[in-house]
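Heads up: the sequence lines are chains A and B, in that order. So the number in the numbering used here is just where the residue sits in the first sequence, counting from 1, plus 1. So the number in the numbering used here is just where the residue sits in the second sequence, counting from 1, plus 1066.
Hints in this document: simulated from the structure, not taken from any laboratory. One or more hints might be untrue.
Listed next, the stretches of chain A that the computed footprint assigns to chain B, with coverage defined by at least 3 CB atoms under 8 Å from CB atoms of chain B [said to hold, decoys possible]:
| id | region |
| --- | --- |
| 1 | 70–76 |
| 2 | 137–145 |
The following residues of chain A were derived to be distant from chain B, with all beta-carbon distances above 12 Å [to be verified]:
| id | residue |
| --- | --- |
| 3 | 35 |
| 4 | 40 |
| 5 | 65 |
| 6 | 89 |
| 7 | 100 |
| 8 | 112 |
| 9 | 113 |
| 10 | 116 |
| 11 | 119 |
| 12 | 148 |
Ideal placement from N, C-alpha and C gives every residue a C-beta, glycine not left out.
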Amino acid sequence: MKQIYTITAFAENRPGVLYRIADLFLRRKVNIESLTVSEIEHTGQSRFTILVHAEPLLVEKLVKQLYRIIEITKVIDSLDQSLIIKEIALIKITAKNLERRREIEQLVHLANGKIAAVNQSYLVVEKTGTEEEIDSLHELLKPFGIKEFVRSGRIVVFK
Amino acid sequence: MPVYDALYDYMDRIIHVLVRHEQGAAHAAEGYGRITGEPGVCLATSGPGATNLVTGIADAMMDSVPIVCITGQVASHLVGSDAFQEADVMGITAPITKWNYQITDANEIPEVFSKAFHIAKTGRPGPVLIDITKDAQFATFDFSYPKEVKMESYQPTTHPHPKQIELAAELLNKAERPYILAGHGVIIAKAEKDLIRLAEKGGIPVAQTLHGVSIFPTAHPLHVGFLGMHGNYGPNILSNKADVVLAVGMRFDDRVTGRLKDYLPDAKIIHIDIDPAELNKNVQVEIPIVADAKNAIQALNKEIKKRSHSAWIKEFQKCYQLEEKKVIQNECDPKKGKIKMGEAIYKLNELTKGEAIIVADVGQHQMMAARYAKFVKPNSFITSGGMGTMGFALPAAMGAKYALLHPPNGQVSDGKASLDREVICITGDGGVQMNIQELATLAQENLPVKIVILNNDFLGMVRQWQELFFKKRYSMTKIKNPDFVTVAKGFYLQAEKVEKREELMGALKRMLKSKGPYLLDIKVEKEQNVFPMIATGASVDEVRLE
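Sequences are here, hints too, so could you generate the full structure?
Next up, the structure:
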């Protein structure tokens, strides 16, 4: 049965590694649901966090094939219960009317989000949390008319 | 240009062969890599030069052959700007190389080259490509070659886990019908003798994959034949009767397994491979062992008990007798009609006594060569297996011959015996035309490669499928061939054509006696099929004998 897997790959920080990783997912016809890459505490190493929706057996094969990439040092596949997961979302909402602004601010406050930017014509809401928390705030804000909604893709640490 | 200018000063130390097409260079490098285990090197210019290497690189990737390709690239400030003769070689070759790297600064050259050779030949070997921008080629710097390669990220596991070996030995010691499937990994690891010892001690029959052909001397009593779509009858059909299968250095390719869900239903499987990604990839195995084949087999040898399985081995012999009666006799010793492909291989073999290195192209003749050539020495059969690249054999045979004549530093040739070993390219009338320009290279180098064309004026394997599965609708498979003898002579090669059975032996003898490169065009029966055959999607126990 298909499940959500987070594949965390550590690699030497060199051009071309992402290309090879992406190609492997292409060959196996697995869609990457989200992807974040950044340099980690030890310099010269990158950490890739790749979210996929796939069969366990296929994930096992993908992990082994990822190891074929020379620059890759470690690959770990995890289910959500073994991870602490966070994602950040930015939501831009048109709000010229003061009353509406207040309503939005209240909702955001209740949902543990914050207002990241504000000017005369719009608000930008910042929400850090799990994917579900972000989804639910997104739903709550929809009636106000969302101009832009962007999310970072998850980053995780292991429990 | 700067690289070639520098080569001018090294002509006495670096052997450079000017091939006529870059694809030929890549396959020739493969031929060299297959024989020596050391990377063959090919050079190509930027743009089209580099893209012409692609088929050869992909072929080396599929068949785990060590090669290092060096390509030129436009100057670094022009990379990405669609400059003249610029191609995204890094992007194009990423999926078909084990590793690739673009050098834009000459100071990177020593480290990157030492890494490239290390990566190409260690672990599971494969192709590596180094792309060097023009400015890096012109720059000068202080050269010092690193003595050893240190890479945190690349450390192939070469020694087996002792517990896994123990479990594997336990299974094999208890087995009633154990069966060894041996592949290319055994040859790469130079573990042939160890495997023979293991099989003899455990009394275990051994079948070889296409790339495993010649691991065992053909006549060895425990060698039961060749696996796969056109392999021997017994090794295929009896796979499904085995109770314990030891697969070494092979990857359960679909040509070997047939329909997966009916493959090895009763067997507990032990799988040894140096590439962890091969374990549980196609077939679920009981005991996966990540290791170099030699280390794993040697470790198993210590644990395995002396056994014999004569009733089980007799089953293979019975199957062989049936195959002999139904297929082999008529193929190798026909009394009438046109020359048959198997017959040509069989007679060639009588003359070479199994000492030759056979380099086969792709198609019916390839399967005939794998089936009917006999071998006495390991690593004597080279072909394009995974990719099935038509046009592979002629350039690969050149590379193989060079490997015998000029073994790499540190590898001592067996003296004259090795230098004199024949390299015979077995090809088809379709395949040979795909890299026929390399006849010019053979002539220029006067390289004594013998070329045998099994010529049926068809793209024979496709025609066979059309006959069997498409109601004989021979769509675009009939070929009007050139006169290969005239073509060869145009390239200043000796050549001969033979059509009659009674002239075949004489023609083969003349070919083997000749000093330089030689082409023999053998006209064979037009609509001959390769049997046995496991149709695509059929199970290994549904082998057709006719």
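Results for each hint:
With a threshold of 8 Å between beta carbons, the proposed coverage of the region 70–76 of chain A by chain B holds, since 4 of its residues qualify and at least three are required. Given a C-beta distance limit of less than 8 Å, the hint that chain B covers the region 137–145 of chain A is violated, as 0 residues qualify and 3 are needed. Distance to chain B confirms residue 35 of chain A as a non-interface residue, since its nearest Cβ pair spans about 23 Å, more than 12 Å. With a least CB separation of 15 Å from chain B, residue 40 of chain A remains clear of the 12 Å interface cut-off, as annotated.
With 12 Å as the threshold on Cβ separation, the claim that residue 65 of chain A sits away from chain B is violated: the shortest Cβ distance comes to roughly 4 Å. Distance check on residue 89 of chain A: its Cβ is at least 30 Å (rounded) from any Cβ of chain B, clearing the 12 Å threshold; non-interface status holds. Distance check for residue 100 of chain A against chain B: the nearest CB is about 52 Å away, which clears 12 Å, and the non-interface claim stands. With a closest Cβ-Cβ approach of about 42 Å to chain B, residue 112 of chain A is found to remain outside the 12 Å limit, as its non-interface label requires.
Residue-level check passed: residue 113 of chain A sits 40 Å from the nearest beta carbon of chain B, beyond 12 Å. Against the 12 Å criterion, residue 116 of chain A stays outside the reach of chain B, whose nearest CB is about 41 Å from its own CB. No beta-carbon of chain B is positioned within 12 Å of the beta-carbon of residue 119 of chain A; the least distance is around 40 Å. Residue placement check: residue 148 of chain A keeps its beta carbon more than 12 Å from all beta carbons of chain B (closest about 34 Å).
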